[in-house]
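**Q** Chains as they are written, first to last, in this note's numbering: chain A, 41 to 158; chain B, 41 to 158; chain C, 41 to 158; chain D, 41 to 158.
Derived from the structure by calculation, the hints contain no laboratory data.
Treat each hint with caution, since some may be false.
Label pairs and their computed distance ranges (CB to CB) [unchecked claim]: (1) D:Ala60 with A:Ala140: 30 to 36 angstroms; (2) A:Pro99 with D:Arg51: 40 to 46 angstroms; (3) D:Glu52 with B:Glu52: 42 to 48 angstroms; (4) D:Ala100 with C:Ala140: 22 to 28 angstroms.
Glycine included, every Cβ here is placed at the ideal spot set by N, Cα and C.
Below are the chains, spelled out letter by letter.
Protein chains: 4
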Amino acid sequence: MTQADALTELRERLREFASARDWAQFHSPKNLAIALSVEAAELLEHFQWVTEEASQRLPAAELAQVCEELADVLLYLVRLADRLGVDLIAAANDKIELNARKYPAGEVRGSSRKYTDR
Amino acid sequence: MTQADALTELRERLREFASARDWAQFHSPKNLAIALSVEAAELLEHFQWVTEEASQRLPAAELAQVCEELADVLLYLVRLADRLGVDLIAAANDKIELNARKYPAGEVRGSSRKYTDR
Amino acid sequence: MTQADALTELRERLREFASARDWAQFHSPKNLAIALSVEAAELLEHFQWVTEEASQRLPAAELAQVCEELADVLLYLVRLADRLGVDLIAAANDKIELNARKYPAGEVRGSSRKYTDR
Amino acid sequence: MTQADALTELRERLREFASARDWAQFHSPKNLAIALSVEAAELLEHFQWVTEEASQRLPAAELAQVCEELADVLLYLVRLADRLGVDLIAAANDKIELNARKYPAGEVRGSSRKYTDR
Numbered sequence: 041m042t043q044a045d046a047l048t049e050l051r052e053r054l055r056e057f058a059s060a061r062d063w064a065q066f067h068s069p070k071n072l073a074i075a076l077s078v079e080a081a082e083l084l085e086h087f088q089w090v091t092e093e094a095s096q097r098l099p100a101a102e103l104a105q106v107c108e109e110l111a112d113v114l115l116y117l118v119r120l121a122d123r124l125g126v127d128l129i130a131a132a133n134d135k136i137e138l139n140a141r142k143y144p145a146g147e148v149r150g151s152s153r154k155y156t157d158r
Numbered sequence: 041m042t043q044a045d046a047l048t049e050l051r052e053r054l055r056e057f058a059s060a061r062d063w064a065q066f067h068s069p070k071n072l073a074i075a076l077s078v079e080a081a082e083l084l085e086h087f088q089w090v091t092e093e094a095s096q097r098l099p100a101a102e103l104a105q106v107c108e109e110l111a112d113v114l115l116y117l118v119r120l121a122d123r124l125g126v127d128l129i130a131a132a133n134d135k136i137e138l139n140a141r142k143y144p145a146g147e148v149r150g151s152s153r154k155y156t157d158r
Numbered sequence: 041m042t043q044a045d046a047l048t049e050l051r052e053r054l055r056e057f058a059s060a061r062d063w064a065q066f067h068s069p070k071n072l073a074i075a076l077s078v079e080a081a082e083l084l085e086h087f088q089w090v091t092e093e094a095s096q097r098l099p100a101a102e103l104a105q106v107c108e109e110l111a112d113v114l115l116y117l118v119r120l121a122d123r124l125g126v127d128l129i130a131a132a133n134d135k136i137e138l139n140a141r142k143y144p145a146g147e148v149r150g151s152s153r154k155y156t157d158r
Numbered sequence: 041m042t043q044a045d046a047l048t049e050l051r052e053r054l055r056e057f058a059s060a061r062d063w064a065q066f067h068s069p070k071n072l073a074i075a076l077s078v079e080a081a082e083l084l085e086h087f088q089w090v091t092e093e094a095s096q097r098l099p100a101a102e103l104a105q106v107c108e109e110l111a112d113v114l115l116y117l118v119r120l121a122d123r124l125g126v127d128l129i130a131a132a133n134d135k136i137e138l139n140a141r142k143y144p145a146g147e148v149r150g151s152s153r154k155y156t157d158r
């Protein structure tokens with residue numbers, strides 16, 4: 041079994057889901073990128089008035105809703121990557137490599153000043 | 041080998057990355073949710089002035105940048121799920137189930153009117 | 041009457057609103073910036089599955105909801121600018137000047153290639 | 041002089057700016073809503089790793105950049121409202137009224153639990 045099975049399965053389920061509903065017509069990369077952004081904001085909304093510290097200890101009901109939003113983001117991400125022909129896992133591993141070179145541990149340790157990923 | 045290996049590997053690499061830089065202190069769920077939202081917008085920016093049709097045929101250089109943004113979104117998603125103790129794959133599969141019940145193929149086929157996932 | 045009256049009035053109403061509810065404690069610039077971003081996504085959500093062309097002809101009910109989201113964005117923008125001591129109108133006029141220099145009409149006419157505002 | 045002069049002026053300047061560059065073709069409400077969301081995220085990015093408390097005391101250079109992002113958000117907001125034929129000030133004042141009824145001061149004072157604006 042390859043390492044991408046969990047995401048490959050999701051990708052297949054999403055293809056069937058859209059196909060059964062004839063929804064692929066709405067799934068241009070542009071629209072999917074919008075949907076992804078909207079879901080990310082719905083996720084963020086759960087944290088907008090709580091402190092950073094309280095965000096570590098969300099009540100169960102709140103965490104369940106956050107869980108659903110995390111799922112929504114992943115689903116649109118997988119669908120968008122599929123429509124663009126992008127290998128998500130490979131891209132992610134490449135990006136960690138790039139970030140490691142951009143932010144050498146010795147230089148940036150403990151500092152948020154350089155904490156960006158571009 | 042479990043099906044979650046690719047994501048589990050990413051999760052471990054991200055733990056080491058943050059640990060080596062003493063950056064876990066900045067990784068409250070609140071901050072990670074913000075970062076995720078910011079990356080989703082950077083991804084979306086590549087599509088803001090192109091047509092839906094053109095978004096299906098991005099030039100190679102543009103697609104390479106989009107690839108990086110997709111990676112950034114996945115990395116923050118994996119990191120946030122980790123900090124919250126959420127199983128991303130399980131949550132995603134549950135959500136597809138929920139969506140299938142909310143949007144029965146027979147009822148919504150071809151229509152964007154009901155096309156939301158909440 | 042100065043030219044900033046409409047926004048100044050909004051600023052005052054928002055100060056009273058927050059004060060009457062003892063909500064200023066939640067109005068750090070960070071939290072307000074998050075709220076603004078969340079509202080912008082709620083606005084965007086109304087457009088995610090419609091075509092650009094259909095977005096010019098929204099049904100009355102949809103337009104009424106979009107109207108409310110536009111209002112939400114403006115309210116958080118005014119509140120955030122107030123908490124940061126920023127003159128929104130002056131900043132906006134300065135930005136148009138800057139954009140005019142960055143994108144001289146003669147050079148960019150008709151092209152979306154250079155259409156960004158940074 | 042009406043109270044909307046500052047925003048009316050911005051609206052007129054933005055019409056001329058787009059017209060001189062033949063950019064109105066890209067300014068569908070859908071595209072403008074995307075651009076607005078992208079700018080809101082660029083604004084938010086300045087706050088992603090700082091504490092709420094530090095966000096009240098931004099260094100001058102950082103505040104200058106935040107100022108530009110606030111301007112970008114306002115410009116797209118004014119442009120989008122214009123393309124949709126929406127009176128921003130009227131909508132904003134109506135929304136404050138609505139919020140005052142949804143969140144009576146006596147009931148919600150000091151609590152973030154009900155702090156949402158929908």
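**Q** Of the numbered hints stated previously, which ones are contradicted by the structure, given in increasing order?
**A** 1 and 3
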